[in-house]
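Residue-level listing of the chains:
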Amino acid sequence: MSKILEKTEPAPGVFRYVIEAGEIAHKARPGQFVIIRIDEHGERIPLTIADCLLEQNAIVLFVQPVGKTSIQLSLMIAGDTILDLAGPLGNPTEIRRFGTVALVGGGFGIAALYPIARELTRGGNRVITLLGARTESRLLLRQEMESVSAQVHISTDDGSCGLHGNVTDALSFLIQSGEKPDRVIAIGPLIMMEKIAELTRPLNIKTLVSMNPIMIDGTGMCGACRVQVAGEMKFACVDGPEFDGHEVDFDTVINRLGAYKKEEKESSEEFEDHILGPCSLGERAP
Amino acid sequence: MTGSPKKSDRLQQPRQKDCELNPDTRKHNFQEVSLGYTPEMARLEAHRCLQCKKPKCVMGCPVHVRIPEFVQHIADGEFLEAARVIKETNSLPAVTGRVCPQEDQCEKHCVIGLKSEPIAIGKLERFAADYERTHGKGEPVEVAPPTGKKVAIIGSGPAGLSAAGDLAKLGHEVVIFEALHQAGGVLFYGIPEFRLPKPIVESELDYLKRLGVEIKVNYVIGQIKSLDELMQEDGFDAVFIGTGAGLPYFLGIPGENYNGVYSANEFLTRVNLMHAWDFPHFDTPIHPHKTLAVIGGGNTAMDAARTAMRLPHTERVILIYRRGRDEMPARQEEVLHAEAEGIEFRFLSSPKEITGENGWVNGVVCQPMELGEADASGRRRPVAVEGSETRIPVDAVIIALGSGVNPLIAKSADDLKTDSKGHIELADPEINLTQKRGVFAGGDIVTGAATVISAMGAGKRAALGIHDYLMRSEGTR
Ligand SMILES: Cc1cc2nc3c(=O)[nH]c(=O)nc-3n(C[C@H](O)[C@H](O)[C@H](O)COP(=O)(O)OP(=O)(O)OC[C@H]3O[C@@H](n4cnc5c(N)ncnc54)[C@H](O)[C@@H]3O)c2cc1C
Ligand SMILES: Cc1cc2nc3c(=O)[nH]c(=O)nc-3n(C[C@H](O)[C@H](O)[C@H](O)COP(=O)(O)OP(=O)(O)OC[C@H]3O[C@@H](n4cnc5c(N)ncnc54)[C@H](O)[C@@H]3O)c2cc1C
Ligand code: SF4
Ligand code: SF4
Ligand code: FES
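Residue numbers (our numbering), protein chains in the order written: chain A, 37 to 322; chain B, 7 to 483.
Okay, chain A solo, but in the shape it has when bound (with noise of 0.2 Å):
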């Protein structure tokens, strides 16, 4: 059982929790993630640990409601309990001094920025980091990335704030301006991932990039979360998440990814019917 000490909403449809977790804050490096299942009936989900309160002995986790589990999650308040919570899962972010380092985050993945950012700034590296997102109102961690990166740009599809364009766009000017990263890490969702992998393989521009596949158990055992990279089955739990974007098949990664998706809205709308009423969610849906 773990205790949620903290909930807050930092950016509409957006949550940010900090979880009692004990030898998990202690040991998880970034890049990592966790399993969670919420209760006995639960799925195990993994979600990225975005910081880790070593007073506390808390994890900081960023959740972005998109189905049963999530939604659920969502709905929870400090005080309630999570009854499980295993970790830290997969390989660390690779932390070495490479020099000039992009780092590209759309969504909930710039809170697992946010952590990768801190460790390669402090191991010496010049960190820019670029951000997108819908509409200002929506972007995560902006004041955080700022104080651990050389820069902060920042994108927005609106035009609210920053460029009125993509991250894309927004790395492909900075490289156009003259910046040559040695090295470029993007988290966030699978398209924008493959856009900038995309940019970077004519400029040999070595790019990280983090899976995201369906979940079981996390330790390599079912086979669920495999991704084909240069050829080669990998699974994203034990050998990942983070791969080279160049050698990733996105296809099959996106393909897999919806595999579940209409038994996952069968399972949320029946939670909303029963638990919350008809229609309460409505606007809060992504």
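One or more of the hints may lead you astray.
To be verified - Label pairs and their calculated CB-CB ranges:
| no. | chain 1 | residue 1 | chain 2 | residue 2 | range |
| --- | --- | --- | --- | --- | --- |
| 1 | B | Pro294 | A | Gly115 | 34 to 40 Å |
| 2 | B | Pro205 | A | Ala114 | 32 to 38 Å |
| 3 | B | His34 | A | Pro46 | 46 to 52 Å |
These are calculated hints, taken from the structure and not from any lab test. In this text the structure is predicted, and so the values were computed from the model without any measurement. Just so you know, even glycine gets a beta-carbon here, dropped at the ideal spot from N, CA and C.
Chain A is already provided as a structure; the job is to place chain B with the ligands on it using the hints.
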């Protein structure tokens, strides 16, 4: 039934058939298929045993259960005594009685098998264990005085559970670390309810708790803690690794990434551990597939096929195996049950490609095979018959080809030696000691995918090894 019938009469008595659920009803539910023996049936069956002076059956059992002795107790109606005798060498008789491949082990060697059918040793073992669970006062919890030593057990499959039980009885403080949210290993997430009801596994876990064993779930060792951290920071004096062989193999043919293609582990985990059959009451879904192909011929393949058959939308299940019926490694009883439940078998067929449409699987292309020369394992090797491929239309494919070992622990400990396939190498197989000081290992992580009883035997051997190590290394560390 009193007194002992004459030897010639015994040989004439047929083997007692246990009761089974009707195939037409059971294929729609998850209730246990075999109902086992009544006390009367058990005694009749036990009376068939010749009480051999040099019992061959015992040699066939990996943990040398004293078979004639326990069978005699059953014949005499002393069922609790029978269970006690079995438990001296076998910690999980309710499990092994149900899942051991008896026809390749104890029963294979039973002398009666030469003339008629062997004694149903497995069913008798199960009977005694079930009787004890339902009628006994619970096994007495006798624990030696505390030794002050702490042992960490990694993994809660049969290897870990049996090591934990034996060590706790010897007075050591035992903590089991399990990666999943539920202890039991394959007994829980792999072998389905209709073959091994989960309350049996739960009662074994309860027994360990009564012995004082602590079970910590959601602990992925190698990730949350390394072996060295367990021993140096958390004060464990010895570690036993029983993490099993859980990494599923795929075929390496085109089409394996279509939606609707599962490893047997994923399919069984969704259904057994996560209760997907009860979706949306439980949150983990499984698709309403209609025609499913299962690839493989072992117990895992049978379990996947029979589980698939039980899901509400299933119309057909086709099991595809590249050798013939006689070469299938699955337990005989499972093959018979699968047939009775309407699973279709395609022997001598090897999948070449999985086809799909719009991202979803829609068929398997199979290459017909014929049996050629015997290979190193003594089984005849299948060879392709060229130019006669067939495509079977299906909407799901479950791949049950066995599994390799999980790399997580070895990755976190350089001084733990593994072979080229990742199996942990032992420095002393007699006591299951690894190359790393204070670290023991056993079960599938050492042997590769094997059996419940061999994993359990390894756990017991390691427990003795660990006990010896702890008592000898008194105060040195
Ligand atoms: C390594 C890893 C780290 C992750 N970190 C975070 C995080 O920090 N915060 C966060 O909000 N989410 C994160 N995710 C995604 C998160 O696990 C999914 O959103 C969650 O499983 C959805 O469960 P659900 O029951 O709420 O939705 P479901 O009902 O299961 O799914 C609803 C919809 O979401 C899509 N979906 C399902 N699984 C995923 C997935 N793994 N990734 C993206 N979309 C998915 C499906 O296409 C489906 O249509 C991460 C995933 C992985 C693999
Ligand atoms: C579907 C199926 C059917 C089978 N049917 C039969 C049968 O009928 N008869 C038979 O004799 N055998 C059968 N087997 C084989 C048998 O189940 C195994 O040989 C046996 O379970 C091996 O036991 P084990 O203790 O070595 O490992 P497992 O039972 O695999 O248990 C290992 C445990 O360790 C945990 N673990 C793994 N890594 C870590 C880690 N890093 N940290 C913490 N915990 C970890 C796992 O989650 C798991 O719970 C079957 C196997 C399968 C998959
Ligand atoms: S443990 Fe298995 S092999 Fe040994 S006697 Fe029992 S059923 Fe037979
Ligand atoms: S070999 Fe058969 S008949 Fe002889 S003791 Fe064993 S079970 Fe009984
Ligand atoms: S989640 Fe099961 S193997 Fe990765």
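Hint by hint, which ones does this structure get wrong, listed from lowest number up? none
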